[in-house]
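Next come the chains, spelled out residue by residue.
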Amino acid sequence: MELTGAEITIRCLQEEGVEYVFGYPGGAVLFIYDELFKQEQVKHVLVRHEQAAVHAADGYARSTDKVGVALVTSGPGVTNAVTGIATAYLDSIPMVVISGQVPTSFIGEDAFQEVDAVGITRPCVKHNFLVKDAKDIASTLKKAFYLAKSGRPGPVLVDIPKDVSNQKTEYSYPATVSIRSYNPQVQGDVGQIKRAAQMLLEAKRPMVYAGGGVILSDASKQLTELVHLLGAPCTNTLMGLGGYPAGDKQFVGMLGMHGTYEANMGMQNCDVLLAVGARFDDRVIGNVAHFNSVPRKIIHIDIDPASISKRVKVDVSIVGDVAHVVSDLLAVLNSSKQKPEAAALKDWWKQIDEWRGANSLSYKNSTELIKPQYVIETLHKLTRGDAFVTSDVGQHQMWAAQYYKFNEPRRWINSGGLGTMGFGLPAAMGVQLAHPGATVACITGEGSIQMNIQELSTCKQYNLPIKIIALNNRYLGMVRQWQEFFHGNRYSHSYMDALPDFVKLAEAYGHVGILVEKPSDVEGALKEAFARKDDLVFLDFRTDSTENVYPMVPGGKGLSEVILAEDL
Amino acid sequence: MRHIISLLMENESGALSRVAGLFSARGYNIESLNVAPTEDPTMSRMTIVTSGSDDVIEQINKQLNKLVDVVTVMDLTDGDHIERELMLVKVRAVGDDREELKRMTDIFRGRVIDVTDKTYTIELTGTGHKLDRFLQAIEHSLILETVRTGASGIGRGDRILKL
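Keeping their order, the protein sequence lines are chains A and B.
Going letter by letter, the first sequence gives residues 1 to 568 in the numbering used here.
Going letter by letter, the second sequence gives residues 569 to 731 in the numbering used here.
Any given hint might turn out to be false.
In silico EDC-like cross-links for lysine to aspartate or glutamate, where the CA-CA straight-line distance does not exceed 20 Å [what the hints assert, rightly or not]:
| no. | chain 1 | residue 1 | chain 2 | residue 2 |
| --- | --- | --- | --- | --- |
| 1 | A | K310 | B | D643 |
| 2 | B | K670 | B | E691 |
| 3 | A | K142 | B | D643 |
Going by beta-carbon spacing under 10 Å, a handful of chain A positions derived as facing chain B [as the list claims (entries may be wrong)]:
| no. | residue |
| --- | --- |
| 4 | V118 |
| 5 | L130 |
| 6 | S307 |
| 7 | K313 |
Read the hints as simulated data drawn from the structure, not as lab findings.
Cβ coordinates follow ideal geometry from the N, Cα and C atoms, glycine included.
Bound conformation, chain A alone (with noise of 0.2 Å):
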């Protein structure tokens, strides 16, 4: 049977199972939006603009482990949609964006709304196709999710021209794919498995590293099982965070600029380091010659063979699928006769329990002053760490990162690599569809909920009864630490002036807005909030405008030159 191309994108979107597509209409996809319009299977969610869009299927995928998709016109479309991309690159996000196109006899004669959508965002996918036939559409949309979920997952960008999407052609869809010059590796080599396993056994200061490839590839029960056999302390980056549960007694928090004292001295001062999914990049080992300063063997698991020795040199390297390779450790050393040396250990916990000892997540609380770490740790209280939390970008994302402790994965969702602000509300709808009845609670603050809280209008469309935590200190607070630190307290326009009545903007959007200004208030407030179980309720925390994240490590330095709250 022939088949529109608009036809065939919507019945390959219905073959790969997609329940949500994020998106915004526009003269070139409107053969795509018609067909749509035809059909019940795939529900399309308008949103109020197309960086919202990408970061909603973003914010989907997360909270879940299927591809999140958006549909953006041409032109401006797709450059609104690049920020949410560059977040989904960034972060290793299975996603398909779809765009549409001019006609193909228009493309290079800067058409109205023409954009070398593949040119433009050829940088920040993992690939992308233009499709100039109707007949590649259904090979290309299988290809594309299937680059976008295997190997290192990654945003594919599919650009079809409108001209493309009304021509008619004969439609299968493929039941296979396969790409010749595509092949990641699955398995990890068993000589370089039992290598990692014999240098962790006789590991005197063992230290587990786990990131974000832990929860893409769903891999926490084995990650957890391979701690505990070897009785290591684990730290997460920001991005693997609930992929080692933060309640057990070996986790040590989070590492990095803002990780806690223990991670990173456990980081610096471990004899073998076996880093999971992730990629040492520069805000999680601060200085490099620093980091390499010290003599220890490095373990490096990562399904991408460029994330290993890209910036560390390492000692034993496993390409693979971080759940296969966990499990074939695991098997190796559940056979081997050899055990972690337990009075090494002992001392190696001696050491780090003198580390934990520094407190370094203490703040001085306030009956003045609404502290912003004290928010969060009510939020994790009210919700028992059960809640799907999403965040923007600067301080408010590194304490709900310090505080909310989570013990499950894709609870988290925070753009950790590009620091996207105006991810979060976004992201909080994704997830809020993908999970109806659970609790999604968005922290930001007041400059990154400005960059999309038009999405307010998209919640109210939709029923999505999001609890936006605002941590309002009037300040744009990580710039302005940095400035207080670096900059000679100058706060050169990190002052947020003529800031909205956020509690009338939400009223304004048909939501509820309720303003904090004292401690006292804060768990009244928050719970007022999630009792309303149907309502997206804005909750305006004027908190402590002078707070700083600690402990830091600035910039350049290295990790256990550490700035902790009680040296200042």
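Given the coordinates of chain A, assemble chain B onto it according to the supplied hints.
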């Protein structure tokens, strides 16, 4: 250190820009780059001459392999290989210079492929080093125009880059 990286990639529009974009985005050097389809019209072969520390070269190889359109990558400098570059040089050839230029061309085993009453166009093949030496050997003021392909490379003997 100088490396010659050879790769096979899908003969698709945009594939070249993915490679070129990778080098500029990650700040890698490109001394020369050439590309053309192979005997299999679905694939192109590219030769990239680059330089960098061992770590950088390792990353270049890995990042190239990571591109979905790239089928296979080989660092020719890892083993025995042959390297050739083609150069066309247009020179002013009048009076006594005509004889001298012809002689130099013969010494370098080049060929004069176009002749006018005032110019020769000389074709020369060899390593980049040989081509450099030829340009040094002839009188500089006589050179009107040069065009070089950049190096193409192939492994010696059993070193074969194939799908």
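Status of the hints after comparison with the structure:
no.	hint	verdict
1	A/K310 to B/D643	holds, 18 Å
2	B/K670 to B/E691	holds, 12 Å
3	A/K142 to B/D643	violated, 33 Å
4	V118	holds, 6 Å
5	L130	holds, 7 Å
6	S307	holds, 9 Å
7	K313	holds, 8 Å
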